[in-house]
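**Q** Listed below, chain by chain, are the residues.
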Amino acid sequence: MTVSNTRPITPELIAAHGLKPEEYQRILELTGREPTFTELGIFSAMWNEHCSYKSSKKWLRTLPTTGERVIQGPGENAGVVDIGDGDCVVFKMESHNHPSYIEPYQGAATGVGGILRDVFTMGARPIAAMNALRFGEPDHPKTRHLVAGVVSGVGGYGNSFGVPTVGGEVNFDRSYNGNILVNAFAAGLAKTDAIFLSQAKGVGLPVVYLGAKTGRDGVGGATMASAEFDDKIDEKRPTVQVGDPFTEKCLLEASLELMASGAVIAIQDMGAAGLTCSAVEMGAKGDLGIELDLDTVPVREERMSAYEMMLSESQERMLMVLRPEKEAEAKAIFVKWGLDFAIVGKTTDDLRFRVLHQGEEVANLPIKELGDEAPEYDRPWAEPKTHKPLAMDDIPQADIADTLLKLLAGPDLSSRRWVWEQYDTLIQGNSLQRPGGDAGVVRVEGHATKALAFSSDVTPRYCEADPYRGGKQAVAECWRNLTATGAVPLAATDNLNFGNPEKPEIMGQLVKAIEGIGEACRKLDFPIVSGNVSLYNETNGQGILPTPTLGGVGLIDDWSKMARVGFAAEGEMILLIGAPSSWGTHLSQSIYMRNIHERVDGPPPSVDLDHEKAVGDHVRGLIRSGVATAVHDLSDGGLAVALAEMAMVSGIGATIGAPEESDPVPVFFGEDQGRYLVTIALDPQSAEWHALRKQQEKLGIACVQIGSTGGADLKLGEAHAISVTDLKAAHESWFPRFMET
Amino acid sequence: MIKARVTVTLKNGVLDPQGKAIEHALTGLGFDGVGQVRQGKVFDLELEGADKAKAEADLKAMCDKLLANTVIENYAVEIA
Amino acid sequence: MIKARVTVTLKNGVLDPQGKAIEHALTGLGFDGVGQVRQGKVFDLELEGADKAKAEADLKAMCDKLLANTVIENYAVEIA
Amino acid sequence: MKSAVVLLPGLNRDRDMIAALTKISGHAPVTVWQTDTEIPDVDLIAIPGGFSFGDYLRCGAIAARSPVMRAVAEKAARGVMVVGVCNGFQILVEAGLLPGALMRNASLKFVCREVKLQVVNANTAFTRGYRPNQVIRCPVAHHDGNYFADAETLARIEGEGQVVFRYAENTNPNGSINDIAGIVSAGGNVLGLMPHPENLIEAAHGGSDGRALFEGALELAA
Ligand SMILES: Nc1ncnc2c1ncn2[C@@H]1O[C@H](COP(=O)(O)OP(=O)(O)O)[C@@H](O)[C@H]1O
Ligand SMILES: [Mg+2]
Chain S
1 MTVSNTRPIT PELIAAHGLK PEEYQRILEL TGREPTFTEL GIFSAMWNEH CSYKSSKKWL
61 RTLPTTGERV IQGPGENAGV VDIGDGDCVV FKMESHNHPS YIEPYQGAAT GVGGILRDVF
121 TMGARPIAAM NALRFGEPDH PKTRHLVAGV VSGVGGYGNS FGVPTVGGEV NFDRSYNGNI
181 LVNAFAAGLA KTDAIFLSQA KGVGLPVVYL GAKTGRDGVG GATMASAEFD DKIDEKRPTV
241 QVGDPFTEKC LLEASLELMA SGAVIAIQDM GAAGLTCSAV EMGAKGDLGI ELDLDTVPVR
301 EERMSAYEMM LSESQERMLM VLRPEKEAEA KAIFVKWGLD FAIVGKTTDD LRFRVLHQGE
361 EVANLPIKEL GDEAPEYDRP WAEPKTHKPL AMDDIPQADI ADTLLKLLAG PDLSSRRWVW
421 EQYDTLIQGN SLQRPGGDAG VVRVEGHATK ALAFSSDVTP RYCEADPYRG GKQAVAECWR
481 NLTATGAVPL AATDNLNFGN PEKPEIMGQL VKAIEGIGEA CRKLDFPIVS GNVSLYNETN
541 GQGILPTPTL GGVGLIDDWS KMARVGFAAE GEMILLIGAP SSWGTHLSQS IYMRNIHERV
601 DGPPPSVDLD HEKAVGDHVR GLIRSGVATA VHDLSDGGLA VALAEMAMVS GIGATIGAPE
661 ESDPVPVFFG EDQGRYLVTI ALDPQSAEWH ALRKQQEKLG IACVQIGSTG GADLKLGEAH
721 AISVTDLKAA HESWFPRFME T
Chain W
1 MIKARVTVTL KNGVLDPQGK AIEHALTGLG FDGVGQVRQG KVFDLELEGA DKAKAEADLK
61 AMCDKLLANT VIENYAVEIA
Chain B
1 MIKARVTVTL KNGVLDPQGK AIEHALTGLG FDGVGQVRQG KVFDLELEGA DKAKAEADLK
61 AMCDKLLANT VIENYAVEIA
Chain D
1 MKSAVVLLPG LNRDRDMIAA LTKISGHAPV TVWQTDTEIP DVDLIAIPGG FSFGDYLRCG
61 AIAARSPVMR AVAEKAARGV MVVGVCNGFQ ILVEAGLLPG ALMRNASLKF VCREVKLQVV
121 NANTAFTRGY RPNQVIRCPV AHHDGNYFAD AETLARIEGE GQVVFRYAEN TNPNGSINDI
181 AGIVSAGGNV LGLMPHPENL IEAAHGGSDG RALFEGALEL AA
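Protein chains in written order, with UniProt numbering: chain S, 1 to 741; chain W, 1 to 80; chain B, 1 to 80; chain D, 1 to 222.
Worth flagging that the hints you see were computed from the coordinates, not collected in a lab. Here the structure is a predicted model, which means the values were calculated and not measured. We put the CB at the ideal spot given by N, CA and C, even for glycine. Accuracy of the hints is not assured; some may be wrong.
Claimed, not checked - EDC-like cross-link-like pairs, simulated, lysine to aspartate or glutamate; straight-line CA separation at most 16 Å: (1) W:Lys41 / B:Asp44; (2) S:Lys142 / W:Asp44; (3) B:Lys20 / S:Glu732; (4) B:Lys60 / B:Asp44; (5) W:Lys52 / B:Asp32; (6) W:Lys54 / B:Asp44; (7) B:Lys41 / W:Glu73; (8) W:Lys65 / B:Asp32; (9) B:Lys54 / W:Asp32; (10) W:Lys11 / B:Asp44; (11) W:Lys60 / B:Asp32; (12) B:Lys41 / W:Asp32; (13) B:Lys65 / W:Asp32; (14) S:Lys406 / S:Glu740; (15) B:Lys20 / W:Glu73; (16) S:Lys336 / D:Glu160.
Stated by the list, open to error - Some chain D residues well away from chain W (every beta-carbon gap over 12 Å; in silico): (17) Thr22; (18) Thr31; (19) Gln34; (20) Asp36; (21) Glu38; (22) Pro40; (23) Asp41; (24) Arg65; (25) Glu74; (26) Ala106; (27) Ala122; (28) Arg128; (29) Arg137.
Unchecked claim - Stretches of chain B that chain W covers, calculated by requiring three or more beta carbons in the stretch to come under 8 Å of a beta carbon on chain W: (30) 24 to 30; (31) 71 to 77.
Just chain S, same shape as in the assembly (with noise of 0.2 Å):
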């Protein structure tokens, strides 16, 4: 297959670029004359949603991405913010769902090595990974294999790579049936004066390229991301992209001991639209024409056209601006690790981007424009729907302990083990805290006290019923999370998978979760530093439920005072915090009205932030002070899952008594927002215990002492005991089961 570029541009073939008619018009404009196929391409893969962002633009502005220790806000290949002592940390989460879809293997590879690439390419090593995973309904019939396949695609490429994988999230609904969603996270370390950016800098300098060859795949990738499905999926197959996470790693050590040479000006990884979008966005970035020459380009394929190079999505590529003084030192350290470095163009002062390709000038178009006036819209919206509150006295009953077995032994709480025992969880040997716990929580190499503390957490039901609660839910979530080790948030990365944005109500969806969002990440000095948009989750016209994705990082001064999720002693006070008098009210969208009941009515919970955040400072501090010894958020399932995670860790039990007078059923599955579990190890009589109780009175934190940890069983109130066997056995089980008959 060649493709010529001199091929007729037809309405069709605009049309096949997902480029509209009045886009077509701007380019028309732009360029003054018609584009040839090759810029007709690159205008594609530039003002495709997934590049241009031009659907969210307007509102992503409105969020808050600086603060006192951001280094780097969004716009660059990660965000970077400030750990003290010199260090910083880089991090970033980015979706790739379409592909994952297609072929769950490679594309949830992909996705990982694509968001690995992205950290190191600022100079960061790589110091741990998470995946936010969400599939369709376990009976559907896909479900089995796209599980099996992306699991093992993350960690086909994470554990070769040699990342731990601390965190992530798995869900099942049927919204997702036709459209998974697949959520990479990956976060570095690096030395504060040691950024590498991609703003070109230097007019006549070569633009290298580095690491892999240059092949087929993914040509038209990032246009395919922002294309609802439909059930002619199967033609779109051939552009699967492979990952090679052998390559990625001497990439990785490639690129690391270059920026230690000096030889690096800017750096960009090859991303969506490859070659196009690194080499436009270094230059301009930084004022600069960029020329290439299509035939230094390493490939591995015969007779590619320029349009396929300019579009290719061929993986473990990144593109530099040289100190030309430093080019056989660089390449002599690709040659080393087997990589291909060559020049294959250079930076101009004319603003152009030009390629030209075997004699012959196959784009020439203005680099700025290209990016700058990419289409932005305000799309129309609609203020989503809310739901009317519960009834006070309706409250569906069950009996306690059955349920607490119930829900744990399904789909939405069940462990998770059976997914994150196949990512290495402990290589760099910096692991504290592994998946199963709140946060996943890493020691900072060359430091003797500090870790970084991480947390992936959307609730997308509580989106769908009001995105705005949904939004400030997610952030808080995943901020208590981190508190719950005792880390101190320090910023967010957010990744938005929602449906199709030319629907005024899925707008609305996503104009409501990012205000929800960024009210969240202000109140809670959360910025958000870097994220992705992912839109059109949609098949046959069936949205996904709308899933921002919020992946949180924290610090901890001192990781020997951490806090774990299970119960560190018998006969310890366990103590409720946060909570209002009655302990749980909350039911409306709650997983014990949706899987017991099968009930979808009424709002999600309320977030008080002012009450989050004060709540979750007092937890931080007892942390700190040594004085709590387990700590859990609660979450979904509410407090009798949150006791039974705690016992689950630890084998111990608990004997918890009841508010009088209270419906045991809001009391234990309620889902009431900014409630912690805090087991202490003081004496009710001593004179700590006292000041604790009379500084919580000061700050006005309900905190109630509601039982206390010891023996087999867990006893919730009048609920018959449950061995902590029995929990355990049921927790563990649904996952295996599924995966494996």
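Based on these hints, arrange chains W, B and D with the ligands on the given structure of chain S.
**A** Chains W, B and D with the ligands in isolation, oriented as in the chain S frame:
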């Protein structure tokens, strides 16, 4: 009993990291003139019965459903 | 240029977890009468030159030195 | 007390191994690169885990044929202690320095979890810090740790005490024959094991059961 061999190979244009690594290693071991190397899989199966036509149809169905990833792989079926 | 295919299969008696799993999965998918399944590898190579005898000797050397682990695997060389 | 760590492209537990040896011996090991043909005089050569050359073809196969492995073989022949962990074990087996083969896990899945290991032979330089039959904790993280040897080889290594570690208490994570987790060469100076003792040497790892192995090999044991 029927003995069959199914060969599964990567489609043209699909990156083959394994093949590439082997190519390098062979060159490193001093084998000159090794051009492209592509790695694939074979499955040797024993099937009950004697109906070769049915076996062939079954084998193709097995490939489509399990043995090959037809997104990126081709397959060939051979009956002994 | 010479095109060759090398097929590497497990020796008899060597455990084949992948073959076993596939056997299982095929039965699970409703394919009856699947007996033993053994998984192996194929390598499609391009070699410079036209001397088939030399190519064959080279390929055997490649197998002994790298492509096959002769502790557990057999190999066969085929020149197109 | 001197040690060397072998570096090959694609290995990724090299930093873990270097950190462990440094912390335990107080000295940073020297490193040798795939193309090095000589290894300095050291008491212990460690081949870390990872995915050398992507583990493409077979785990450890390409690495086993790299120049540095010829140097390792020469040192081993002269009695220098060599330990290969995980991919390092696979490389030693592929290089013919240890018998048998490491196949895909019976589950066909990568597995990362903690297992129990029985010290079957506490009489080697590597295991003298453990009690005979002591059961220790150790993490594993691998896709191809399913040890296999033909009946004759198996009988020999079992008979000669070459099986050093066995998965205990039903924690065999990979289907390995006779629950074999680690073996030594006939000479006793080359050890290969799938689990990662270097990831369990300090409080931050949640335990230090892996420490005695390196202390023994480095002759630091009390
Ligand atoms: N895909 C995954 N990869 C790794 N860890 C996961 C994955 N999915 C869930 N986990 C882990 O399982 C635990 C429970 O997850 P979840 O219920 O989402 O936690 P929380 O309610 O605290 O946010 C967490 O420790 C989480 O990191
Ligand atoms: Mg939590």
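**Q** Which of the listed hints are broken here?
**A** 2, 3, 6, 12, 14, 15, 16, 19, 24, 31
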